[in-house]
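Remember, this note's numbering sits 44 above the position in the sequence shown when you count from 1.
Hints are computed from structural coordinates only; laboratory data are not their basis. There's no promise every hint is true.
[As the list claims (entries may be wrong)] So the derived label-pair ranges between C-beta atoms look like this:
#1 Thr139 with Thr115: 35 to 41 Å
#2 Pro164 with Pro110: 24 to 30 Å
#3 Ser162 with Ala54: 28 to 34 Å
What you are looking at is a predicted structure, and each value in this text was computed from that prediction instead of being measured. Every residue, glycine too, gets a C-beta built ideally from N, C-alpha and C.
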Amino acid sequence: MFLSDVEIEAALAVKEITIDPFVVDHLSACTIDLRINETIWLPTEAPQDYEIRPKTLKARPQESWPAYSITDTYHLEPGGFVLGETYERISIAPTAPILGFLEGRSSVARLGLLVHCSAPLVAPGYSGRITLELVNLGKHPLPLKYKDSICQIAFARLGIPSSRPSPGSKKPQPRYGV
Numbered sequence: 045m046f047l048s049d050v051e052i053e054a055a056l057a058v059k060e061i062t063i064d065p066f067v068v069d070h071l072s073a074c075t076i077d078l079r080i081n082e083t084i085w086l087p088t089e090a091p092q093d094y095e096i097r098p099k100t101l102k103a104r105p106q107e108s109w110p111a112y113s114i115t116d117t118y119h120l121e122p123g124g125f126v127l128g129e130t131y132e133r134i135s136i137a138p139t140a141p142i143l144g145f146l147e148g149r150s151s152v153a154r155l156g157l158l159v160h161c162s163a164p165l166v167a168p169g170y171s172g173r174i175t176l177e178l179v180n181l182g183k184h185p186l187p188l189k190y191k192d193s194i195c196q197i198a199f200a201r202l203g204i205p206s207s208r209p210s211p212g213s214k215k216p217q218p219r220y221g222v
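Between the sequences and the hints, there should be enough to build the whole structure, so can you do that?
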């Protein structure tokens, strides 16, 4: 069962969910709009001998990719791919029987912006900014700017709390230079 705005506010009040900063105007009937943070990571070219293996599939590529600040607008070209993260920090208490779902907003999706490729779930125990896998599926460059509202999160109630909550997440520090 997805949570309504009333249930989301109740979960926030008892700290099952924490959103920092929380802006009440970003709450709708059953989602909360989230904004893009200042840093995006641009993929580098893979070495000639690069081979995808289970270890590389689990890697966090942004740890080695150049970071770029989008306090000025960055234009994501058609077919382009970058990693970003939410401005808001999201936490779901490890004991909370709640699961988060990240989705794009329809207004930006209609322009061709995909905000996640295959990672929409936010598990109990997660705490941090959510990584965004940004792809421009449209025909025109899309402007990305710090604190633009480009995605939303919905929450669902689990039948019982998880016995295996997420260990959390640590994000790399930005290294500007692109």
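Results of checking the hints against the structure:
| no. | hint | result |
| --- | --- | --- |
| 1 | Thr139 with Thr115: 35 to 41 Å | holds, 38 Å |
| 2 | Pro164 with Pro110: 24 to 30 Å | holds, 26 Å |
| 3 | Ser162 with Ala54: 28 to 34 Å | holds, 31 Å |
Of the numbered hints stated above, none is contradicted by the structure.
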